[in-house]
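These protein sequences, in sequence, are chains A and B. Going by the numbering used here, the first sequence opens with residue 2, and the numbers climb by one from there. Going by the numbering used here, the second sequence opens with residue -7, and the numbers climb by one from there.
Just so you know, the hints here were simulated from the structure itself, not pulled from any lab data. Every residue, glycine too, gets a C-beta built ideally from N, C-alpha and C.
Below, simulated DMTMM-like cross-link-like pairs (lysine to aspartate or glutamate); rule was C-alpha separation at most 25 Å, straight line:
| no. | chain 1 | residue 1 | chain 2 | residue 2 |
| --- | --- | --- | --- | --- |
| 1 | A | Lys28 | B | Asp62 |
| 2 | A | Lys96 | A | Glu173 |
| 3 | B | Lys64 | A | Glu49 |
| 4 | A | Lys170 | B | Asp9 |
| 5 | B | Lys58 | A | Glu49 |
| 6 | A | Lys65 | A | Asp26 |
| 7 | A | Lys96 | A | Glu49 |
| 8 | A | Lys87 | B | Asp53 |
| 9 | B | Lys58 | A | Asp26 |
| 10 | A | Lys146 | A | Glu173 |
| 11 | A | Lys28 | B | Glu69 |
| 12 | A | Lys87 | A | Asp36 |
These stretches of chain B come out as covered by chain A in the derived footprint (C-beta under 8 Å, 3 or more residues):
| no. | stretch |
| --- | --- |
| 13 | 6 to 14 |
| 14 | 32 to 46 |
| 15 | 60 to 67 |
According to the in silico footprint, chain B covers these stretches of chain A (three or more CB under 8 Å from chain B):
| no. | stretch |
| --- | --- |
| 16 | 121 to 129 |
| 17 | 178 to 188 |
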Amino acid sequence: MGSVAGVNVAVAAHMALEHEKQAIDPKNWVDEHGDALFRFAILRVRNEELAADLVQDTFLSALKARDGFRGGSTLRTWLTGILKHKIIDHYRKNKVEIVETDLAGDTPMAILQHAPALSPRWDEAPSSLVESREFWTVLSGCLSKLPEAQRRAFTLREFDGLDSDEIRKVLEVTPTNLWVILHRARAGLRRCLETNWFGNEG
Amino acid sequence: MKSSCTETARLLSESRDRRLSLRERIHLRFHVTMCRMCHVYARQLSALSRICNAASEHAPDCCPGKLPEDRKARIREAMKD
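Could you put the whole structure together from the sequences, leaning on the hints where they help?
Below is the structure:
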């Protein structure tokens, strides 16, 4: 009996290793990670064609650089890191002009509209929000409505956790302008989410 | 609506991106304690950050949308070369 169990363990270990090799084999990358990378990109760039191009670039760069992948992190994390750089490169190569609405003076009512009534749903656990398909639709819609410069700054800050210095180098704006752009992005997104999700008890 | 609410809304955002001066911090602390509207706004900005954190983390699994099949085929082809 002991030897049979031993064989089973060996078989299981062998299968696990085979599975790992297959996962790392570039032939399987598109099937295993294509959708996840596409979603990562589409959340930020809001354009399907562009998101797909960035994912394609990511796979091709990863293929060339795959000797540099040493485990340690998962393949998914490694590919996502490459995609993040591709998105930043895209921003650098395709500058957007800072427009009036990015920096215009504050209209208090526009910023604080609906704020006095804090919908209890703002306190809902984010982990349950992200399980709702309807919430993704609203969040995506609100991100799409932000002017391009605001969306770039905001997603680099709040999704990717870059600091102000890193972001202003990518977007080539002064620190003061960046802070105003982020302020307007937060105000716009807050208001859009309040109107289309949190304030709506339906 | 007071103009100091405008200033407070701006500082609440900027406090997430830079270290505020002592003067600014005092203004913020004072105003947010006194003004219900700005207090709520502050809580909503915090919630917005938490939501974005979760969204960023879960997007690859939860965000609707798929890489279109024809693009997958094109990428597989390109990877063979």
